[in-house]
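S.K.: Those protein sequences? They're chains A and B, same order as listed.
Residue numbers for the first sequence follow full-length UniProt numbering, so the first one is 1 and each next one is one higher.
Residue numbers for the second sequence follow full-length UniProt numbering, so the first one is 1 and each next one is one higher.
Since the hints were derived computationally from the structure, they do not count as laboratory data.
There's no promise every hint is true.
Since copy identity is lost for identical chains, a pair holds within one copy or between any two.
Straight-line Cα separation of at most 30 Å, DSS-like style, residue types lysine-lysine; simulated pairs [said to hold, decoys possible]:
hint: 1; residue 1: 161; residue 2: 123
hint: 2; residue 1: 161; residue 2: 200
hint: 3; residue 1: 34; residue 2: 126
hint: 4; residue 1: 37; residue 2: 12
hint: 5; residue 1: 255; residue 2: 277
hint: 6; residue 1: 161; residue 2: 12
Please read all numbers here as calculations on a predicted model, not as lab measurements.
Number of protein chains: 2
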Amino acid sequence: MSDEFYMDLAIKEAWKWQILTYPNPAVGCVITDKFGKILSIQAHKKAGFAHAELNAILTALLNFSEFKTKFEMKFENRVFLASEIYDFILNNHNYLLENATAYVTLEPCSHIGKTPPCANLLKELKFKRVVISIKDSSDIAGGGAEILQKAGVEVKFGVLKDKGDELIEPFLAWQNGNFSFLKLGSSINGILKGGLITNKASRKKVHEIREVLDLLVIGGNTVRVDRPRIDTRLASGKNPPDVLIYSKERSFDTKIPLFSVKNREVMITSDINQALKRRLVMFEGGDGMIKNLPNFVTHLLIFFSPNLGVLDNFKVNLDLKLLNLGTIDGNFYGWFKRSDTNCNLF
Amino acid sequence: MSDEFYMDLAIKEAWKWQILTYPNPAVGCVITDKFGKILSIQAHKKAGFAHAELNAILTALLNFSEFKTKFEMKFENRVFLASEIYDFILNNHNYLLENATAYVTLEPCSHIGKTPPCANLLKELKFKRVVISIKDSSDIAGGGAEILQKAGVEVKFGVLKDKGDELIEPFLAWQNGNFSFLKLGSSINGILKGGLITNKASRKKVHEIREVLDLLVIGGNTVRVDRPRIDTRLASGKNPPDVLIYSKERSFDTKIPLFSVKNREVMITSDINQALKRRLVMFEGGDGMIKNLPNFVTHLLIFFSPNLGVLDNFKVNLDLKLLNLGTIDGNFYGWFKRSDTNCNLF
Ligand SMILES: [Zn+2]
Ligand SMILES: [Zn+2]
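Work out the full structure: start from the sequences and follow the hints.
M.R.: The structure is reproduced here in structure tokens:
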């Protein structure tokens, strides 16, 4: 199969963790052995935890029983840091991945952050090729390709570059000050109402996303009608997002559950540009929110239930570009980008 | 990666050709070499043409330049029959696929039809393993696994059996007398109206499907309002489907284009069970058709455009099960099965 085939697997894997890696970018990594067999398909999943390359290298090595036995003896039944894994791999890889190929959606990092540099790990394990979708242009993390090339590793850039650019666009936007997206839960015939439209797996994913947000924006009307809690009980339950209620009318029944969630700031304002003061912002809501969607909300994440109903659909004239589709336990979701607004930073 | 990973690739590839293989089943095949590297991901595409295994074996062998050169010398620039390819492979494979593994969604055939038996080919090329999702229970084609096992090939059954069953369900239904499905083209907020909702690639695929149908059913109201042609000009343009207009009122303006398409029979009837006399039937239409969908229409194929509009949605109370999702040039489509009707034949 072509380099594009493996890169596509890496990109799709990374999209599964889009947003959840905040403030880090979503990155995917596929590793094939010296014969071309796929050993792992992995992604970066959460800031502070292993980078995509480290996850992929660990998973790849666990295919080998000699490594697996040593790994389990050391780490079974206890929590470990990414840097511990990194060191363990350096000491125990035994060149099992010599001449392997890594497909990475973003140039491997070269700096020591919460985890040591991935470029160094790929070099030490004697990878033969590192295929990269897009260059890391940041001063801090960039330069990984140079480290690899100097060590004699073959580096190829630009494989599925357009898809790589789409994947990292949210990261570049929040680095630039703000990434805002609208989350919807809809039936496949456009019905938002009716409470629990989507399944539990979809709602759990929304709660996981809420946990990493800087701010959640919701319309005043939705707050009054739905009386939501907007918590994260289906995820860890900690880190509920701050909430901006978008409303001209500033008086609300404070018995509405969202006001009594701990560790939360609630703002009520008719100035939607206040949301731009936060880096990662999710808009939730219904018809009213969609019709008045600010221009800076560039992306939509829509969860679809395959159950059809007879209520009215949400209505808005908006052309979208499909970026990614995924299934989630019988429901599915799509990441879309507005075509009417230029949020392309490249 | 697990057997399930490769089988999933084979199943997804096969769904791309669902219906188009009529009267044959949709079948996918993935081949990995003796080291576990993927050499091909293929499917059966059209009745009378190569089976999935033959397509996959040919594609796999074309990875080897010694085979490719010989193949191009013989077949370049001319049309060839599947049986010619079969014989050419038998004479020229040179054991390049010795110890390879084939992942097939359906047990390889054992009978000589329009193409010679796939089980025999896998045996002669000395495949090591053949992994199969579901058994072929037909008297004619079944028995492939036995041929392989007798020759010492390792055979594994039942990998992703549920997904394999879903894939072949349309085939079993039309073999049993009738498979009927509803095709819709919708915006992702449920708008069917407005003519060209979906993109050209989606409409081309619909025309390709129309070419293999026994019958297309459309509502009388849609015929009067849309005055459609219902032809196959975006595909070969030949083989337009016969049309059943579902209508109590039997008088229509015969200037409506669908009546003047050549090689077409048009029936007008209020007895929808007439459709059951044909084996493969696609329903097209709008809100009216969906609301009065006969029970024997068990599946839906919905093409989605990511462009939102402000018209009303189609409305029906119908719970669906998602079977497969695919993208098609910026649009996407889903195969769904009704949950309210038991079309499971297993
Ligand atoms: Zn890194
Ligand atoms: Zn066959």
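S.K.: Hint by hint, note whether the structure agrees.
M.R.: Results for each hint:
1. 161 with 123: The answer is within: 23 Å in one copy meets 30 Å, while 42 Å across copies does not.
2. 161 with 200: between (34 Å within a copy, 25 Å between copies)
3. 34 with 126: Close inside one copy (11 Å) and across copies (24 Å); limit 30 Å.
4. 37 with 12: This pair counts as both: shortest intra-copy Cα distance 19 Å, inter-copy 20 Å.
5. 255 with 277: within (27 Å within a copy, 62 Å between copies)
6. 161 with 12: This pair counts as both: shortest intra-copy Cα distance 14 Å, inter-copy 24 Å.
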